[in-house]
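In the order they appear, the protein sequences are chains G and X. Under full-length UniProt numbering, the first sequence has 232 at position 232, and the numbering climbs by one with no breaks. Under full-length UniProt numbering, the second sequence has 392 at position 392, and the numbering climbs by one with no breaks.
It cannot be assumed that every hint is accurate.
[Stated by the list, open to error] Computed beta-carbon distance windows for the label pairs:
1. G/LEU424 to X/VAL141: 41 to 51 Å
2. G/LEU432 to X/ARG189: 38 to 48 Å
3. G/SER574 to X/VAL166: 53 to 63 Å
4. X/ALA440 to G/SER574: 56 to 66 Å
5. X/VAL92 to G/LYS564: 48 to 58 Å
6. X/VAL584 to G/ALA414: 33 to 43 Å
7. X/VAL584 to G/ASN233: 53 to 63 Å
8. X/LEU637 to G/ALA445: 49 to 59 Å
9. G/ILE535 to X/ILE225: 30 to 40 Å
10. X/ARG528 to G/TRP473: 39 to 49 Å
11. G/LEU432 to X/LEU637: 39 to 49 Å
12. G/LYS408 to X/ARG189: 53 to 63 Å
13. X/ILE225 to G/PHE467: 30 to 40 Å
14. X/ILE225 to G/TRP473: 35 to 45 Å
[Claimed, not checked] 30 Å max Cα-Cα, derived DSBU-like pairs, lysine-lysine:
15. G/LYS292 to X/LYS525
16. G/LYS587 to X/LYS587
17. G/LYS578 to X/LYS215
18. X/LYS525 to G/LYS587
19. X/LYS215 to G/LYS435
20. X/LYS525 to G/LYS219
It is worth saying that the hints were derived from the structure and are not from the lab. All residues carry an ideal CB built from backbone N, CA and C; glycine is no exception.
Protein chains: 2
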Amino acid sequence: MSEPEKIEDIPDESVGKGKGIPNGGNAAKTKEDFDLAAIYVSDAQYNRNIYFDTSPEAVRLYLRYNHWVSQVLLYFFILLDLSLAVFEDPAVFSLPIWATMLVELLCLLVFTIRIVHYAKVIPRDKFWKDPKNICIIVIIVLTLVDMIIYGALKATNYYGVRWSRVLRPLLLVNVTEGRQLRRAFRSIRNALPQIFYVFLLFMFSLLIFSLMALKLLGKRGLTTIDGSPYFTNYLEIIFDLYVLVTTANSPDIMMPAYNASYYFAIFFILYILINNYIFMSVFLAVVYNNYKYHLKEEVRQLVRAKRHKMVRAFAVLQDQREGREPVVNQANWNQLVRLVQPDVSNAHRELLWSVCDNNNHGLTGKVAFVQLADLLNIEVITLKSRPHPLQSLCPSLYQSAPSRLLCKLVQHRAFVIVYDLIILVNAVFIGLDEKNPLIANSEWAFLALYLLEILLKLYVFEPRAFFSKHSFWNWFDTIIVISALIATIINSSVTLPGTYTSRQILDIVFILRVLRLIRVVDSIKRFRTIINTLIRIGPAILTFGQLILVVYYVFAMVGMELFKHKVKFYEDSSDPTKAYCGNVLLKGTAFAQLNYCKNNFNNVVSSFILLVELTVVNQWHVLSSGFAAVTHGSAKLFFVFFHIIVVIVIINIFVAFVLEAFFVEYSVDKSDLQTSLEKKIEELELAVAQETLEDNLVNAMETIDSDQGTGQSANNKPTLMFKIASKRYRTVDALLQRMFESDLDPEDFAENDDQNGNFANPAFSAA
Amino acid sequence: MSEPEKIEDIPDESVGKGKGIPNGGNAAKTKEDFDLAAIYVSDAQYNRNIYFDTSPEAVRLYLRYNHWVSQVLLYFFILLDLSLAVFEDPAVFSLPIWATMLVELLCLLVFTIRIVHYAKVIPRDKFWKDPKNICIIVIIVLTLVDMIIYGALKATNYYGVRWSRVLRPLLLVNVTEGRQLRRAFRSIRNALPQIFYVFLLFMFSLLIFSLMALKLLGKRGLTTIDGSPYFTNYLEIIFDLYVLVTTANSPDIMMPAYNASYYFAIFFILYILINNYIFMSVFLAVVYNNYKYHLKEEVRQLVRAKRHKMVRAFAVLQDQREGREPVVNQANWNQLVRLVQPDVSNAHRELLWSVCDNNNHGLTGKVAFVQLADLLNIEVITLKSRPHPLQSLCPSLYQSAPSRLLCKLVQHRAFVIVYDLIILVNAVFIGLDEKNPLIANSEWAFLALYLLEILLKLYVFEPRAFFSKHSFWNWFDTIIVISALIATIINSSVTLPGTYTSRQILDIVFILRVLRLIRVVDSIKRFRTIINTLIRIGPAILTFGQLILVVYYVFAMVGMELFKHKVKFYEDSSDPTKAYCGNVLLKGTAFAQLNYCKNNFNNVVSSFILLVELTVVNQWHVLSSGFAAVTHGSAKLFFVFFHIIVVIVIINIFVAFVLEAFFVEYSVDKSDLQTSLEKKIEELELAVAQETLEDNLVNAMETIDSDQGTGQSANNKPTLMFKIASKRYRTVDALLQRMFESDLDPEDFAENDDQNGNFANPAFSAA
């Protein structure tokens, strides 16, 4: 690697100033410098906005704080803490109180260690200013207090409530790594004021319609289908009409009035039009509009903070040159990248360097250097062309005419079509009765065919390329087919001796068989496009999964305290109390008639499934009325509240997110940065033709003349090819940032943001 | 009015060429010229894209064709034709066949006259190239054929089907005036290919899940709540899981499996997540994305066509000047505007002229002239300041100190608050039992209070200003209060003699009482904003109303032929067959148990209400299973098809429209054109202060010194004030165009579009 021209050692006060940049100038860079720069780059890469101390000791601690092992451990203990609900009363698997308490104490200990570690990394005043730290400390203290009280009450045989359990999911929000989740909560909080006013208007409309319903229908002596008076109680009308907005009791709630006269249908149609179609669309519009607006602002701030960090990293590693812009030389740059991302191959690193050092001067300026964080986030697939191992072993056989013909056949489009047809035939056979011996034995034939396909492909394509990291469908096929083979063998060996068949194994066999059919999707290009878009927004959907988990957990904890053991489910169908779920209060209710006994809050799993049902909305009025019947009418408020929070707010934000992500996918194709990297790849003639790749990643490999080079350098020709996995994003942030990249000025380094003494962190308070 | 400098008479070939522009140059403009120009302007204003003949006779015919009377007549006969369904078998009110046939013949005659009229207006080749004309002719012919066949069958006592009835709503789409509706259908058609692929993928996922359900659950011997086998028939599973996507049978469909084991809940949750949340969001995203894209393209073409027409109008009326740009002088311009819009006041017209003739030269250039169509579309409220009539009658009394104090009190904010409180108290009283004499009499007190409010306001504010066209709430209040007064008086006079109370009058009284409460909304600014936005998108929602009407009508006609009289509703509750809706096949079905007998296709009104219920989705599986039970299993396809068309496609387009309209409302505030008009108004110091207007339109009037001028000219000071009703749109197009105005180049006159021999009309074929 060429060392660039030596430069004068002039410390630059304008850059080296400030707390975060201790080592400006041209002194030989120490290990501490590299550590610091690497931290800045990695913080920029993962959008960590932590104002850490820059003393060497704090930097080492900070490195350890961000180490993946400590993060995995933290999440493990959070999950352990959350999953304690499975073992605590009301439990799925009952454990003695001391056992769960002990585990919880252990978790609290880990969280305490983690927060102390964090306190040592960042300056004291910053630590106490950050609401999420306060929040964690408060959670730990409150949990301890609650455990002591509960333990004391239990020891003296009093009734105790473990109220601090609702605080547990808040840990997920407030740990340093919960950035995405905090952002999601912020976008909800930001949308709340506007939602609130629409909601008030909606409630006003609901009250007016209820009043009208009471006046119009209350005095007519109509009865509902079970004979109770219809629309006579104002509060009940409000609840019924609220339920009608969710469509859950349509058209039943209308039928008594409709049976009395056609004209009353007008009332209900008007109500549904205004409150269901118009208001619900307005909710979505308001949520979506707010979401878009605030997201834009947040991502802009995030990108500014990222650039700021990259400028700091640059300042640490820069070489000063008199009268010229400071630069970073290749050696330092290489060491930095190796530190930040040790798994990057040499070739990949050289490619990145050639993007940063566009003019081949052996050094990179500030503008080019700042890209590094984004460049590292772009996933580059390095393809090495290797000869097929069989060619090395017995070249004469592999190169023979029949073998070549076979290769051609397998690579032909007809091969794919034939196997798609086989899959379709297989689908029909699966649908038929497997008791028929012919059908049962056909399974072996299909398995053999699928195995043959994999073996043929392995014969034709280089195995390491076939099983490369990004060949999703190859992995999918192989795993499914081999699992199915194993399961089928086990199943038939279990079946043969006696007549007993293990249901579990058979279930697995069936699932695997059906899953195999999914492969057809990959053959149709239009489908692949849709699926790829869905896969791309997958990680972001996971953030919403966490959000839902937090909300569900809180509601499950509260619901379990309120409703546990009020409704019982009897496995034994002969029990006479089964008809009313073990609670006489439920006699004759729709809840009992529909046999909803298992929809209860008797343990955390049931609670979660019940909450899913409430999210789906249908029949939620039956469920809420059931629980109101066994406790008190006001219990319905719990369910209405859940509906407002989850369905009106969170699901709408989810839809807004999917819409926005789809629009970005449709409108933007590749970000500017990726294009610059791609340009470089094309410039160096290292690109893999896009079209061939689209068809089959492995095909492309075969068209390249084989060459035994290990590809250490990019100079000797294409033994090594690059392809940008442009459609995948390592982080959710990358997707979000891409959404709004067009608004950003590439020359804006956000240097004046330092005046605040902190990175521009979006306005935040613990959720 | 000043005549501008006289200009040389040089016919300009470059402008006067072309079929549409017969009269370039400076010859004195004839009546025909003005007619032609007026037609171009009015076509531009209302976005009519009709390539009419420019011969004076054709122009006269065209004027008559576009006259509002002929349009109203046309729509009257279309509605008459559609409403025949009420009287035809199966009828709400039965009429003899000859009567409905006669009316239908009359309608057909009107349509024929209309299309012949149209054929005379436009060149023959254009007429036969337009699919919507062909469509109307085909509809007329087919209807005649059907009527003859049906008449012959009936005469010979055979069973006949009036199949041409499904064609009737297509008239609504294909008449010249159905532009908005055709556009809505086009946006659906454009979105279809993309929706189709997502739908296929969705169906694939549905089939895979169904297969898995069959294999996992079919063999376990589970039963549903009514004892029938659970998940054993593949087709039924597909239907059940399709219904689950609409959430209509959640959680019932899951309960048998869930009762058997917790693990099966995973299957259903996964299914709901993928097919309900993900796929339904993707449907919305695809529809919305397509909608946005195509709408943009269409509106761009519309605006180009509009400009083209304005350029033609300009060419007809222009005066040529040697070496200078052609212009139109004020006299011609005035006559044109008078022709186009006779109801525009002189003052308003002078205001518009001062916008077109910005430099006061007495003539307007092409760029300024082209704005005219848009300027005419901006609603300008002309306010005349008049003294209160009482002041003219007895000025001493009206100007006395107590009278002034009263005016101040009424105009005070507290007055509004006091009346809001009265409304709230009234709401409580309405909620209470009206049998109580105190409550019943309180109604008189409230009525008196409301009347007093109106009288006080009339005392303080000038009555004509109080009841001006745009004072919605004043009109609302007065109408509601006076109607309530009349209804209450009638009601009590009817009640007093005997104990009998007319239900109908009482209903009206109650509705009026409750409606009065709505007034509170106007006092809260946030609510007003939301409501204003809703009112603004109202006209566009009406287009969707037409769309829904067309689709409903077609489905109602088909449904009536398929299912009429299969399910019967008995008013008499003692009839034993009532329990199963008069059809033994329904015995024991959920349809009969839930007493859905009145949800039938026995007449067009029932059918429409049933279709609304199907649109709301909940319980649609019960309804479809009911109708399948009385006919054939494949009847479910009718309902599934309805769901796909109405809920997946049309409702999503509706939501997309509301979202887009809301975003435009949030982001754009006023169009450039409106601003230019407003600037002019401000320049001339004729503006009404915005803030005072926001509070109360009438308040502002009082602050202006009274002056008896009639305001013929804008030169003598503000006896006349203008205000732009900027937030209202005369046409739906104006709203749509405003949405995409930012993309358009104001200097682009679309002159080369003429080469196609027609106005740029968006690709269209009859729906």
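Going down the list of hints, with the structure as the test:
Separated by about 45 Å at the C-beta atoms, G/LEU424 and X/VAL141 satisfy the suggested range of 41 to 51 Å. Look at G/LEU432 against X/ARG189: about 40 Å separates their beta carbons, and that is inside 38 to 48 Å. Taken as a hint, the range 53 to 63 Å holds for the pair G/SER574 and X/VAL166, whose Cβ atoms sit roughly 55 Å apart. A hinted range of 56 to 66 Å for the beta carbons of X/ALA440 and G/SER574 is consistent with their spacing of about 58 Å.
For the pair X/VAL92 and G/LYS564, the beta carbons lie near 54 Å from each other, so the given range of 48 to 58 Å is met. The given range of 33 to 43 Å is broken by X/VAL584 and G/ALA414, whose C-beta atoms sit roughly 56 Å from each other. Range check, X/VAL584 to G/ASN233: Cβ separation about 38 Å, and the 53 to 63 Å hint is violated. Remark: the range hint 49 to 59 Å for X/LEU637 to G/ALA445 is contradicted by a beta-carbon distance near 35 Å.
Take G/ILE535 and X/ILE225: their Cβ atoms lie about 38 Å apart, and the range 30 to 40 Å holds. The hint said 39 to 49 Å for the Cβ distance between X/ARG528 and G/TRP473, and at roughly 56 Å that hint is violated. Hint check: G/LEU432 to X/LEU637, Cβ distance near 24 Å, so the stated range 39 to 49 Å is violated. Restraint check, G/LYS408 to X/ARG189: a C-beta distance of roughly 43 Å breaks the suggested window 53 to 63 Å.
Between X/ILE225 and G/PHE467 the C-beta distance comes to about 49 Å, which lies outside the given range of 30 to 40 Å. Under the hint 35 to 45 Å, the C-beta atoms of X/ILE225 and G/TRP473, about 42 Å apart, fit the expected range. For a cut-off of 30 Å, the pair hint linking G/LYS292 to X/LYS525 stands: about 24 Å separates their Cα positions. A threshold of 30 Å between alpha carbons decides the hint, and for G/LYS587 with X/LYS587 the separation of about 25 Å falls inside it, so the pair holds.
A C-alpha spacing of about 29 Å is found between G/LYS578 and X/LYS215, which places the hinted pair at or below 30 Å, so the restraint holds. For the suggested pair X/LYS525 and G/LYS587, the alpha carbons sit about 49 Å apart, so the restraint of at most 30 Å is broken. Proximity of X/LYS215 to G/LYS435 is assessed by CA-CA distance (about 12 Å); at most 30 Å being required, the pair is judged to hold. Taken as a hint, the X/LYS525 and G/LYS219 pair is broken in the structure, with Cα atoms around 36 Å apart against an allowance of 30 Å.
Hints 6, 7, 8, 10, 11, 12, 13, 18, 20 from the list above are not met by this structure, while the remaining hints are.
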